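Undergrad: Guided by the hints, dock chain B onto chain A, whose structure is given.
Number of protein chains: 2
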Amino acid sequence: MATTSSGPSPASEGETQGRSGDEIVTAALVVIGDEILSGRTKDKNIGHIAERLTEVGIRLLEVRIVPDEAGRIIEAVNALRERYDYVFTTGGIGPTHDDITAPSVAEAFGVPIAIDERALAMMRAYYEGRGLELTEARKRMARIPKGAALIANEISHTPGFMLENVIVMAGVPAIMQAMLEDVLPRLKKGRPLRSLTITVMHPESEVAALLARTQDAFPDVAMGSYPFVREGRLGTNLVLRSTDEARLEAARAALSAGLTQKGLIQEPEA
Amino acid sequence: MATTSSGPSPASEGETQGRSGDEIVTAALVVIGDEILSGRTKDKNIGHIAERLTEVGIRLLEVRIVPDEAGRIIEAVNALRERYDYVFTTGGIGPTHDDITAPSVAEAFGVPIAIDERALAMMRAYYEGRGLELTEARKRMARIPKGAALIANEISHTPGFMLENVIVMAGVPAIMQAMLEDVLPRLKKGRPLRSLTITVMHPESEVAALLARTQDAFPDVAMGSYPFVREGRLGTNLVLRSTDEARLEAARAALSAGLTQKGLIQEPEA
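These protein sequence lines are chains A and B, in that order.
If you count the first sequence from 1, position 94 lands on 103 in my numbering, and the numbers rise without skipping.
If you count the second sequence from 1, position 67 lands on 76 in my numbering, and the numbers rise without skipping.
Keep in mind the hints are simulated off the structure, nothing from the lab.
Errors might be hidden in some of the hints.
Below, in silico cross-link-like pairs of lysine-lysine (DSSO-like), each with a Cα-Cα straight-line distance of 30 Å or less [stated by the list, open to error]:
1) B:LYS271 x A:LYS198
2) B:LYS148 x A:LYS271
3) B:LYS51 x A:LYS51
With beta-carbon atoms standing in for the labels, derived distance ranges [said to hold, decoys possible]:
4) B:LEU143 x A:GLY241: 40 to 50 Å
5) A:HIS211 x B:VAL238: 39 to 49 Å
6) B:GLU137 x A:LYS271: 21 to 31 Å
Keep in mind that this is a model prediction, so the values were computed, not measured.
The beta-carbon is built from N, C-alpha and C at its ideal position, and this holds for glycine as well.
For reference, chain A alone in the conformation it holds in the complex:
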């Protein structure tokens, strides 16, 4: 794995060897589903994927939700696979006529798609073990683009796949989560982004100036401000993010001191 130094405190060589590099690894997600766009189904995958990728050191930088249309899937996959290290997709890999993700991804890469003997063997072991027939509709789910690696899952026993940097997963959350855990160990990772949150029970506008000054003093620590309404009162979560633990802690200390001085938070006693 190539490790390129980023940020203000370059790691000593070899420090993270074999685990994760200093390189920033990026990803995008394409959610395929008319039912999400119509509001009939509420997506449960974006939040889970975002959280897991952040935890392992992959930065999710874009999500697109597109309809079950080949042209739109191909367009999104091709736009994003050039731009990010990985592109994940969810949805549209079942046995029905509206499941067009696998052939769309094959078309995006210009490779053929056919029944894959490895996929069929996975499915056969499961179905025949339960006395179920491997019907034509079920066999349709074994169509995998040429050159793809399979992604197993222990729930439906129907694989997803990874073609170059594009990772195709199911839309059903339990199955998607199993596939994600199967594929994550194969991916390169960067240094995980750490974050800290300070919650203030005051509106954003009262912390804005202090936050901006603290941001100027710590340009290498990303600072965000997220308002919320709780029991009719406006509050703000101040979130600091950095891959460098020491800088993150220094920024937190500076911001906390400023908030305490303005009477916006009470510093816990030591």
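TA: Chain B in isolation, oriented as in the chain A frame:
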């Protein structure tokens, strides 16, 4: 409003006058937020907007989640406003340094942005009525691109805005929802898409062939199949969608008859 006929059964002239046209009205949504992409915050706006737009007769055809970066916001807004009748945005219109949606949208349109006297008046009435100061940070929220119409909300009393076909709303769900209700009456709508769901407690693969045949017989009714896992069993929701009530009902009857014949559902007694 221009009404252009679409679909297989053109409405008689004037049938929908004054309410909604036969025209298909489309929309996209840009969710602006690092916190959604990092997984720290779970989005609650996409599902709500999708549902409300579907109800009123606007089809949400794409969603993009992008980081708090001007370049990415401008790129998404410009790509989508050319393509859809409306583009909604959520997030990034607060008082802090990371709130860059308003100037980014101004830049996307190439128009200037400045403190808007109408917005300031709205905010002043609220803040001064509560003995609060209209600080510089708060005034920052009154910056509105030139030529935009304001979108009121009764929670934060800080407006969103609509510039041509781009509708800029807050990210806090309660505030966003208030803004959405304020702006919806101003938008053109198409005939609402109706949907019907048939739930089958069998895996998708067992209904795939029948569903494909029914789809062929009703090319004007969109049919989707959405698998789920409930108490360890695989089930499938079959969803039919059309703007034409009669065709929708005919497709439902045909599909129900087929499912009953195959023993996959029990037809309720008349």
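Undergrad: Any of the earlier hints contradicted here, and which numbers?
TA: 1, 4
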